[in-house]
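Chemist: For the sequence shown, the numbering used here assigns the number 2 to the initial residue and increments by one for each residue that follows.
No lab work stands behind these hints: they were computed from the structure. All C-beta atoms, glycine included, are put in the ideal place defined by N, C-alpha and C. Be a bit skeptical, because a hint or two may be false.
Taking CB as the label site, the calculated pair distances span [what the hints assert, rightly or not]:
| no. | residue 1 | residue 2 | range |
| --- | --- | --- | --- |
| 1 | N278 | K194 | 56 to 66 angstroms |
| 2 | P192 | R551 | 19 to 29 angstroms |
| 3 | D466 | S370 | 32 to 42 angstroms |
| 4 | E358 | K307 | 21 to 31 angstroms |
| 5 | K4 | H135 | 51 to 61 angstroms |
| 6 | T28 | A434 | 25 to 35 angstroms |
Mimicking SDA-like on lysine to any residue, the simulated pairs with C-alpha atoms at most 25 angstroms apart in a straight line are [to be verified]:
| no. | residue 1 | residue 2 |
| --- | --- | --- |
| 7 | K508 | K362 |
| 8 | K313 | E335 |
| 9 | K9 | L53 |
| 10 | K46 | S276 |
| 11 | K327 | L267 |
| 12 | K448 | S469 |
| 13 | K553 | A434 |
| 14 | K185 | C259 |
| 15 | K252 | S268 |
| 16 | K11 | T239 |
| 17 | K11 | K508 |
| 18 | K448 | K508 |
| 19 | K362 | A434 |
| 20 | K420 | K553 |
| 21 | K470 | E174 |
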Amino acid sequence: MQKRWVVKPKNEVNKVNTLRDELGISTVIAELLINRGILTFDQAKAFFRPSLDMLHDPFLMQDMDKAISRIEQAIGNKEKILIYGDYDVDGTTAVSVVYSFFRDFHTGMEFYIPDRYSEGYGISTQGIDYAAEHGFSLIIALDCGIKANDKIDYAASKNIDFIIGDHHLPGPEIPQAVAVLDPKRVDCLYPYKELSGCGIGFKIIQAFIQKNDMDIQLAYQYLDLVAVSIASDIVPITGENRILTHYGLKKLNTNPNCGLQALINLSSNKTGQFSVNDIVFQIGPRINAAGRIEHAKDAVKLLISKSLQEAKDFSATVDDQNNLRKDFDLRITEEALDLIDNDEVLIKRKSTVLYKEDWHKGVIGIVASRLTEKYYRPTIIMTKTNGHIAGSARSVLGFDLYEALSECSDLLDQYGGHKYAAGLTMPIENLNAFQQRFEDVVSGTIKPEMLQQEVLIETAIKLTDIDSKFYRLLKQFEPYGPQNEAPIFVSRAVEGSGYIVGSNHIKITIRQGDSPAFECIGFGLSEYIDTINSGASFDVCYTIEENNWRGKRNLQLNIKAIRF
Numbered sequence: 002m003q004k005r006w007v008v009k010p011k012n013e014v015n016k017v018n019t020l021r022d023e024l025g026i027s028t029v030i031a032e033l034l035i036n037r038g039i040l041t042f043d044q045a046k047a048f049f050r051p052s053l054d055m056l057h058d059p060f061l062m063q064d065m066d067k068a069i070s071r072i073e074q075a076i077g078n079k080e081k082i083l084i085y086g087d088y089d090v091d092g093t094t095a096v097s098v099v100y101s102f103f104r105d106f107h108t109g110m111e112f113y114i115p116d117r118y119s120e121g122y123g124i125s126t127q128g129i130d131y132a133a134e135h136g137f138s139l140i141i142a143l144d145c146g147i148k149a150n151d152k153i154d155y156a157a158s159k160n161i162d163f164i165i166g167d168h169h170l171p172g173p174e175i176p177q178a179v180a181v182l183d184p185k186r187v188d189c190l191y192p193y194k195e196l197s198g199c200g201i202g203f204k205i206i207q208a209f210i211q212k213n214d215m216d217i218q219l220a221y222q223y224l225d226l227v228a229v230s231i232a233s234d235i236v237p238i239t240g241e242n243r244i245l246t247h248y249g250l251k252k253l254n255t256n257p258n259c260g261l262q263a264l265i266n267l268s269s270n271k272t273g274q275f276s277v278n279d280i281v282f283q284i285g286p287r288i289n290a291a292g293r294i295e296h297a298k299d300a301v302k303l304l305i306s307k308s309l310q311e312a313k314d315f316s317a318t319v320d321d322q323n324n325l326r327k328d329f330d331l332r333i334t335e336e337a338l339d340l341i342d343n344d345e346v347l348i349k350r351k352s353t354v355l356y357k358e359d360w361h362k363g364v365i366g367i368v369a370s371r372l373t374e375k376y377y378r379p380t381i382i383m384t385k386t387n388g389h390i391a392g393s394a395r396s397v398l399g400f401d402l403y404e405a406l407s408e409c410s411d412l413l414d415q416y417g418g419h420k421y422a423a424g425l426t427m428p429i430e431n432l433n434a435f436q437q438r439f440e441d442v443v444s445g446t447i448k449p450e451m452l453q454q455e456v457l458i459e460t461a462i463k464l465t466d467i468d469s470k471f472y473r474l475l476k477q478f479e480p481y482g483p484q485n486e487a488p489i490f491v492s493r494a495v496e497g498s499g500y501i502v503g504s505n506h507i508k509i510t511i512r513q514g515d516s517p518a519f520e521c522i523g524f525g526l527s528e529y530i531d532t533i534n535s536g537a538s539f540d541v542c543y544t545i546e547e548n549n550w551r552g553k554r555n556l557q558l559n560i561k562a563i564r565f
């Protein structure tokens, strides 16, 4: 599929030149900084030299004082505390961090993760009943709970207090918990609004340490888990998240949590070189697989392991679950592709809505993402569960999926999510009506350009601009992630030659006039190889990376799109 090329607007020349001269950098680097909201020397210094001293005071968060007082009371009175969290990476890392910290000086600690299939997302009645039956008087809920008003009231009827630590948007009314920690509360003055659920857990620990005059290193030992949560939950890597990720990656690459070390040993030989991308594609899926296939408590047991030997046993279980997840994922994706490719009606639609009753609920979200990438249109994958249809939906850039589902709400039992990802349930008898309604809504509202994948280009450069000094400066823009993506450059009128690697990837060498030659990798671009080898000139979009092969390091261009 041909991608749509969009070049970011040029910044004001005076702004660029002022920052360039003040910092002694190139015009290109100045453009990149301004694109990220960096306009002054001090802002650039904070960006290029992130420090843990820049983390905000946790007591700026609404209700943090109440949360810490209630935790201190529970510890002083030897109450039983239950750490409760969601079953995804963010939830399980949050539970692992808070549980691991408090268990070292409070014996009445347990953790609880709801079952994805029998309890569903968020705080469940079953979880509260478990707490009541086992004598817990305080539940600390992480990565969930901001809309669980009725569940908090139910817990209160059983004399159980709640502290909620969430990062999702609140509803019209804040739950009547002892403390509700959420930077997205309209009455919360906390300066940074985009913390992960695990990030909220980290702030609880930071506040407890600060209040009790403890060593802050006791909190910093969990930064690798915080980084895993930030990367896996796709929250912006800006501000405080960027600081936490920067230092979390350092810890991950030098002295990781025992559970993470066990996963690294299983997944890669890249010890010491892990990036945000490596977390997203290697560590995160393994942690997530526990909740998708069996139960996410297995992931928490792994992440709270006190020794590498203990972690090895749990990592083997989690890895087996991940392998099973991949099998389900592959089979269901192939079946879904066959359904579309063999149906002229489905091929021509502007949405994808597929259902099979035997598809595994734990992987339908992954399959929805894969099909969205393949056909680039809003996609919903559904299966049968508990006598109803459950679906997972994904969208494309610019199209509001949640609004589209709202137009179908009379056909749904429930739905929730945000602009680009959502979940839903419906009666089986509504399937056909929903498929048609959703297609009508999408085809009637989606703009043609939204159905073509976009390549967002920072700026045009010449290949002669790329050298070791330029790359060293680019490295300081890391860690990359949402709202701080790796810069995509375009170079025009290049020539090259190369060959196909794997099934449909290319390895080529390009030049631009008398520039040095640059090795390039292009994933899924094999259709272009004959034209490239014909000697035709072309424009190329790419990111710049360092390739390390058998101890030899060289700069490599990772091609995102080609145009002749």
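Chemist: When the structure is checked against the list of hints, which entries are broken? Sort them ascending.
Modeler: Violated hints: 1, 2, 4, 6, 7, 8, 9, 12, 13, 14, 17, 18, 20 and 21; rest satisfied.
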